[in-house]
Amino acid sequence: MDLLKKYALTGMLCLLLLGAGCRSSMPSFHVRQDVDFGFIKRVAVLPLNNLTNERFAAEAVRQVVISELLASGLVDVVIPGEVKATIDRLGIKSVSSLNTKQIKALGTALGVQALILGSVEQFGMVRMGNISAPNVTITLMMADTGSGSIIWSVTSTGVGGGFMARHFGARTETMSETLLRVVKEAIRTLAKY
Amino acid sequence: MIDRVKRKKQNKTLPGPLLLALSLLLIFMWGCGSPRQYIRPDVDIRSIRKIAVLPLETLTTDEYAGEKIRGMVISELLTRGVDVIEPGEVTRVLRELKIRSLGGITIEDIRKIGKRLKVKAVMMGSVGAFGISRGITASYPEVSIQLMILDTSSGNIIWSAWNTAGGPSFWTRHFGTEGTTLSETAREVVKETVDALF
Numbered sequence: 037m038d039l040l041k042k043y044a045l046t047g048m049l050c051l052l053l054l055g056a057g058c059r060s061s062m063p064s065f066h067v068r069q070d071v072d073f074g075f076i077k078r079v080a081v082l083p084l085n086n087l088t089n090e091r092f093a094a095e096a097v098r099q100v101v102i103s104e105l106l107a108s109g110l111v112d113v114v115i116p117g118e119v120k121a122t123i124d125r126l127g128i129k130s131v132s133s134l135n136t137k138q139i140k141a142l143g144t145a146l147g148v149q150a151l152i153l154g155s156v157e158q159f160g161m162v163r164m165g166n167i168s169a170p171n172v173t174i175t176l177m178m179a180d181t182g183s184g185s186i187i188w189s190v191t192s193t194g195v196g197g198g199f200m201a202r203h204f205g206a207r208t209e210t211m212s213e214t215l216l217r218v219v220k221e222a223i224r225t226l227a228k229y
Numbered sequence: 020m021i022d023r024v025k026r027k028k029q030n031k032t033l034p035g036p037l038l039l040a041l042s043l044l045l046i047f048m049w050g051c052g053s054p055r056q057y058i059r060p061d062v063d064i065r066s067i068r069k070i071a072v073l074p075l076e077t078l079t080t081d082e083y084a085g086e087k088i089r090g091m092v093i094s095e096l097l098t099r100g101v102d103v104i105e106p107g108e109v110t111r112v113l114r115e116l117k118i119r120s121l122g123g124i125t126i127e128d129i130r131k132i133g134k135r136l137k138v139k140a141v142m143m144g145s146v147g148a149f150g151i152s153r154g155i156t157a158s159y160p161e162v163s164i165q166l167m168i169l170d171t172s173s174g175n176i177i178w179s180a181w182n183t184a185g186g187p188s189f190w191t192r193h194f195g196t197e198g199t200t201l202s203e204t205a206r207e208v209v210k211e212t213v214d215a216l217f
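Quick mapping for you: the protein sequence lines, in order, are chains A and B. For the record, in the first sequence the residue sitting at position 110 is 146 according to the numbering used here, with numbers rising by one throughout. For the record, in the second sequence the residue sitting at position 23 is 42 according to the numbering used here, with numbers rising by one throughout.
Source of the hints: derived by calculation from the structure; they are not laboratory data. Even glycine gets a Cβ: it sits at the ideal position worked out from N, Cα and C. Check the hints yourself; a few may be wrong.
Partial chain B-side listing against chain A, Cβ under 10 Å, derived [as the list claims (entries may be wrong)]: (1) SER120; (2) ILE129; (3) SER152; (4) VAL162; (5) TRP178.
Listing some non-contacts, in silico: residues in chain B with all C-beta distances to chain A over 12 Å [said to hold, decoys possible]: (6) ARG55; (7) THR79; (8) THR80; (9) THR98; (10) ILE104; (11) ILE124; (12) ASP128; (13) ARG135; (14) GLU161; (15) TRP181; (16) GLU203.
DEER-style ranges, computed between Cβ atoms [stated by the list, open to error]: (17) B:GLY122 with A:VAL162: 26 to 32 Å; (18) A:LEU126 with B:GLU203: 41 to 47 Å; (19) A:GLY147 with B:ASP81: 47 to 53 Å; (20) A:LYS228 with B:SER94: 47 to 53 Å; (21) B:PRO60 with A:GLY160: 36 to 42 Å.
Take these sequences, add in the hints, and give me the full structure.
And the structure:
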């Protein structure tokens, strides 16, 4: 009986851990192998392209990206206002379609080795069977301001209602928690290099 | 000998309750965490005793969310013995410098603000979530904030933190008990974030 209880409890624990691990898919990413990321000390995070119906989605994601880049200790980040002022000064109308010349010009003006740009594809609640859960999908890219080319790109997605929430009524994440997790997973792919 | 057998028996019963406690802890800890923060290595941030808190950017549908959180941040800083410049004085300087958009404050603006208000650091940030969200079976408050401290001489970010609080509690979800209010959640997230610094 004791043995059975022990197995049951161990099984429950394993299920919990599995449930926690199964909550998200790994982000798909690309890193240029011939680039030494060690030379990137300071970056500027450009305004993200908002592809959702949520008015503040892009700016909310951008703030978390800035915070996570700083908290990870990977790079220093230029304040968002300075980035906006420089974009205006250089007469750049759309940051979603920058050409090589504009990337280089922004790098020189802001004194950064790389630019972070990207988009927010999903930012809202989705229905999953009988539950609603937050869903966030982002794409981030890093452009080298020396060459103007993309050296890192990642698409990360996350849904707040995990295995335990769907099947056992466990706590679902809030939108903010899902957002943080998605951004963290995206930046973790960069931290490896 | 009998004592040893008894002790062995007692030891055998320990892993069960322990595992159960661990499992419960895992369930309750789900989603808990302290704010993610960055402190510039070469700066003694805790030596800052006077600061100007700029209006926070509101990225939610509640247009007053930024001001509500700003008030809480100021009050938390004051209780920790940090001198805070009066918000009215900050507004006056922002007007004088013709700063209209909070998202457009440049390094040069930060330097000017520092000089006029005679502070070595300014705090700015944004409110990403401030409201009641709908979950599976319950509604719950959700607040997330981002705060930054900038050095007014260099314009560098010397501290940054992002934090969130809220979500449906175990008792609210399963037994319909009253959860925390939006104000309580906001106070919690602000307190936790400022605690991480001072």
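Structure-based check of all given hints:
| no. | hint | result |
| --- | --- | --- |
| 1 | SER120 | holds, 8 Å |
| 2 | ILE129 | holds, 7 Å |
| 3 | SER152 | holds, 6 Å |
| 4 | VAL162 | holds, 8 Å |
| 5 | TRP178 | holds, 9 Å |
| 6 | ARG55 | violated, 4 Å |
| 7 | THR79 | violated, 7 Å |
| 8 | THR80 | violated, 8 Å |
| 9 | THR98 | holds, 24 Å |
| 10 | ILE104 | holds, 19 Å |
| 11 | ILE124 | violated, 4 Å |
| 12 | ASP128 | violated, 7 Å |
| 13 | ARG135 | holds, 17 Å |
| 14 | GLU161 | violated, 5 Å |
| 15 | TRP181 | violated, 4 Å |
| 16 | GLU203 | holds, 15 Å |
| 17 | B:GLY122 with A:VAL162: 26 to 32 Å | holds, 29 Å |
| 18 | A:LEU126 with B:GLU203: 41 to 47 Å | holds, 45 Å |
| 19 | A:GLY147 with B:ASP81: 47 to 53 Å | violated, 36 Å |
| 20 | A:LYS228 with B:SER94: 47 to 53 Å | violated, 41 Å |
| 21 | B:PRO60 with A:GLY160: 36 to 42 Å | holds, 38 Å |
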